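Assemble chain B onto chain A, guided by the hints.
Below, each chain spelled out in residue letters.
Protein chains: 2
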Amino acid sequence: MRTEIATLGEFGLIKRLMGSVGDDAAVIGTGKNLLLLSTDMLLEGVNFDLTYFPMQHLGYKVVTVGVSDILAMNGTAGQVTLSLGISAKLSVEDLEEFYTGARKACEELGVEIVGGDTTASVTGFAVCISVLGSVAKSKITRRSGARQNDLICITRDLGAAYLGLHLLEREKRALAEVENPQPRFSGYEYLLERQLRPRARKDVIDALAAENIVPTSMIDISDGLASDLLQICHASGCGARIYLDRLPIARETYALAEELHIDPVVAALNGGDDHELLFTVPLGMQEKVTRLGVGIEIIGHITAESTGAALVTPDGAEVAIKAQGFNLE
Amino acid sequence: MRTEIATLGEFGLIKRLMGSVGDDAAVIGTGKNLLLLSTDMLLEGVNFDLTYFPMQHLGYKVVTVGVSDILAMNGTAGQVTLSLGISAKLSVEDLEEFYTGARKACEELGVEIVGGDTTASVTGFAVCISVLGSVAKSKITRRSGARQNDLICITRDLGAAYLGLHLLEREKRALAEVENPQPRFSGYEYLLERQLRPRARKDVIDALAAENIVPTSMIDISDGLASDLLQICHASGCGARIYLDRLPIARETYALAEELHIDPVVAALNGGDDHELLFTVPLGMQEKVTRLGVGIEIIGHITAESTGAALVTPDGAEVAIKAQGFNLE
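Quick note, the sequences are listed as chains A and B, same order.
Here the numbering used here is used: the first residue of the first sequence is 2, the next is one more, and so on.
Here the numbering used here is used: the first residue of the second sequence is 2, the next is one more, and so on.
Just so you know, the hints here were simulated from the structure itself, not pulled from any lab data.
Please read all numbers here as calculations on a predicted model, not as lab measurements.
Beta carbons are placed, not taken as given, at the ideal position from N, Cα and C, and that holds for glycine.
Be aware that one or more of the hints could be misleading.
To be verified - Under 7 Å between C-beta atoms, here's a sample of chain B residues computed to sit facing chain A:
| id | residue |
| --- | --- |
| 1 | D41 |
| 2 | T119 |
| 3 | S122 |
One chain only, chain A, in its complex shape (with noise of 0.2 Å):
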């Protein structure tokens, strides 16, 4: 008997392997305070190409999306481990820019690497980041808490990250076979920004702190939009409804996106990467959240369990909203 994992899709996978796909960080203890425990793995080849990924910003990159893990329950990111597979090809200065750009994210973040593992590998560079973390119990958000009728909000844009690999791969193949290639990226450097070096949105948890407001449910948009908020919207038992003329796309976005005939919405609702955070909040604190100045906008609202999600377009429209499947590449 041979299933698959195409048949099952990543989340498919995950709840027949673990029981429930459960939240972006594993929740330890019951008591006052939680530890909070997060994993990610980044390869080669699939989450990233060195050939364009400078080592420095994978470095910087790896820590972004180990602590947003630990923000998108609405906690302190304390303590990271690093794994690395390495690959003959690297050298030990491709390592020291890799650990130079983590700890520079560290710094930001106010995390410290404590350990971690090296071990050879045959096939291409490999890092694993594991993320250990807190929260008061009071304060804990995971995915399951939203409520009908509290507002969706996102924070700063969507899609950057995913036209921003565009552009690179783009280059890539434009330059395969140029001697002392000259990658043009002039206009985008956005878009490069979000993609190479995406930040981990600690400054929207201390604002929320300092509001003392606690989201009912938040998750880290890493799979993109349209897959994050199915995730809500499973967890918690509810609908969803986000309207198209509010979802924030960046300027370079749309100038790319029509560059290389990509819909700018596709891109904004499935392109990954973003490490943006979606949230819940009771309708009554549209004022509070939006007043953070930390860049937060309202999408959109929760529903009945029945109603499905869906986008609204500005004519009025309803079209639902689908998960992307896992591509085993």
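Below, chain B without anything else, positioned relative to chain A:
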């Protein structure tokens, strides 16, 4: 500037990147109760070969490898996360087998799988395990606590896992072009078990605790006795003498070593993967330790740093113990 990683070795590399090599697990906190966090990465083609490593055993072994690091700090393992890089050749059933083995080890060791991550892999199967544990500050055992005249103890026998690997490799070569292969493992089941299903020595840690014995230093033997003893010497600023005729080597290990023309002492010193514990206790503990009934052998004693680390042969000759390099295959 390009420095090859091989010129530094694994420990040199870690020292350069991290500032120091550290213990088997990172220690977090400063109170009476400390948290322990360890991480290990295992990659197909380097750490295991799926042509002969059953998925269920691999799941079991990964948990052994991870939990051993916590035990080596004299700690109690509590929670585990598993990150998997999944290649398209694996089926859902393969991964279920892997989890069945991992859960079995977790049950035996009293730990819980709390989370994880899955990503596609274009190369081979990649596994990263992180383990969270705890230990009382008064009981924590590091690599750095060995003192002159301490006894050097190890649990169970050495070199068997390494010979088990050789046996599997031999059968793989022998059967590569045979239809319906029937591997000949008769008489060597013990070696296979040591390679395919090593057990984390929670029984030893429990037995030490029951008698209120706190080792002065400890390490998990994963890289081989020689390399791991040197880690203790280096961290503790001491030398060591271990006695060749005290090294516990199983009958099956001797038998296969002879058949394969491998020196069984070299296998015991440098063959890794044993996942037994190497620790030191004060001289006065000799009787107490050997009476515990968990297979602890005293193989030597700690000496002054200036004397270095050496293996003493039955005729009294001393052979300096040297570390093996980091092999980027």
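Consistency of the hints with the structure:
For B/D41, the shortest C-beta to C-beta distance to chain A is roughly 5 Å, which falls under 7 Å, so the interface hint holds. Taken as an interface hint, B/T119 checks out: its beta carbon lies about 6 Å from the nearest beta carbon of chain A, inside 7 Å. Interface restraint check: B/S122 against chain A, minimum CB-CB distance 5 Å, threshold 7 Å, status holds.
Against the hints set out earlier in the document, no violation occurs for any number.
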